[in-house]
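This is what each chain is made of:
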Amino acid sequence: MSAEGLPPPDVVLDCLGRPCPVPVVELARAAQRLPAGTVVEVVSDDPAARADVPAFCRMRGHAYLGEAARDVGTGLRVRVA
Amino acid sequence: MPHAAPAAGPAPVLLDAAAGVPMGPQARAALLAALDDGWADPARLHGAGRRARQLLDGAREALADGLGVRPDELVLAPGGCAAARWAVQGTRLARRRAGPRVVHSAVEHSCVLHAVGDDGTAVPVDRLGRVDPAAFAAALEGGAALACLTAGSHEVGTRQPVAEVAGACAAAGVPLHVDAAQAVPREPVPAGWSLLTADARTWGGPASVGLLAVRTGTRWRSPLPGTAREEGVDLPAVLAAAVGLQAAQALGPAEAARQRGLVDRVRARVAAEVPDVEVVGDPVDRLPHVVTFSCLYAEGEALLTALDRRGFRVSSGSSCTADTLEPSHVLVAMGVLTHGNVRVSVHAGTTADDVDRFLAVLPDAVAEVRRAAGVEGL
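Going down the list, the sequences are from chains A and B. Using this note's numbering, the first residue of the first sequence is number 17, and each one after it goes up by one. Using this note's numbering, the first residue of the second sequence is number 19, and each one after it goes up by one.
Read the hints as simulated data drawn from the structure, not as lab findings. There may be inaccurate statements among the hints.
[Said to hold, decoys possible] Partner residues are not named here, just some residues of chain B that face chain A (Cβ under 8 angstroms, in silico):
#	residue
1	74
2	296
3	314
4	317
5	337
6	338
7	344
8	345
9	353
10	354
11	356
12	357
13	396
[As the list claims (entries may be wrong)] Chain B is faced by these chain A residues, among others (derived, beta-carbon under 10 angstroms):
#	residue
14	35
15	37
16	38
17	40
18	48
19	51
20	63
21	66
22	68
23	71
24	72
25	74
26	76
27	77
Positions of the beta carbon are idealized from the N, C-alpha and C atoms, including for glycine.
Input sequences plus hints: build the corresponding full structure.
Okay, structure coming up:
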């Protein structure tokens, strides 16, 4: 999915070089403190994050918005519940 | 080489039966006897050779019988992975005009995926890990050399709609290969396949024996050079595989039902007693012996280590536990969590007490891993 049509991120979490479950843990921490509706982008180069961020959103009721291309890794955009 | 002191406490419990189980007493006895009695080349015409031929014919008959095929439909391969590879390669060789494309589910074993290579079309699975027969049928349009569908995978155990997909393959004129490595010897495989593969290691046979059944009338050619149909047949190992299969199948449906009950218990208690866990796969329409679940925020490798320290040997589909550092393609295809993954598979030697003791230590092991990572209360 391209970044086109995705809402811009309010917060970017740089998880480059950090293996799963770190990107999901960082997203969970951010989701705890951020108001509902905030758009968060998790930037990760771990292949597991592309599977785990959407799965985490499904389990926790956050809205997974899609992937945005980055120079390094992938931006995984989420609207926190 | 220095020897480690024997560990104190109860013997470790194997809950990774999908990868293979230790050899049982009957298979072991057959193996040892065959080292003396069946060492010769069955192609030789002297007494020892004729004896080896006799033993090989008997073992082939027993293995064929175990799979429900004729002896001349059975090809002995040097391992389960080789059997799956030969199924793919041999069908492509014999069906060159159909082109190299192979249609397969997204949750096939990596042995199958590696054999298929780049000329494959993966049919997606749902959240339970099952293909949609209509989507599979649609993927067959335009023709294919072969279709591959596991009866149920070693990772998730969800049964695949083999009969429906076999119908679609027959209608499209495409042979179907069913990977039955986990179904055999626990349950019958639905009819309709053209090629079927199994792995002796999963029933306590040697790792050097894989079975490929090719139904009469199926276009298949051995991928071996020259005119050889088989190669490197290890007769003592084949005898042990045959005796092991008979022993495993003699336990019958009652043993499959017992294993199903053990897995039911794991599924229910893990979901109830481990916080932030997702037990995945079909809870009912599944192979008897496999269950996998993922623990949020936990690292798979740390979980395996924490459980191993407590005396339980399990497996994981998390990327940190894989040689490739890629997460399990099965879990990814299902859209479920890949980190913190634990795979439990039981066998005839697994007792209810083993499972209960595992379930008793599991919540603490998960909590320990989460505590060490500082992710509690998220």
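*Which hints, by number, does the structure contradict?*
Those not satisfied are hints 1, 19 and 27.
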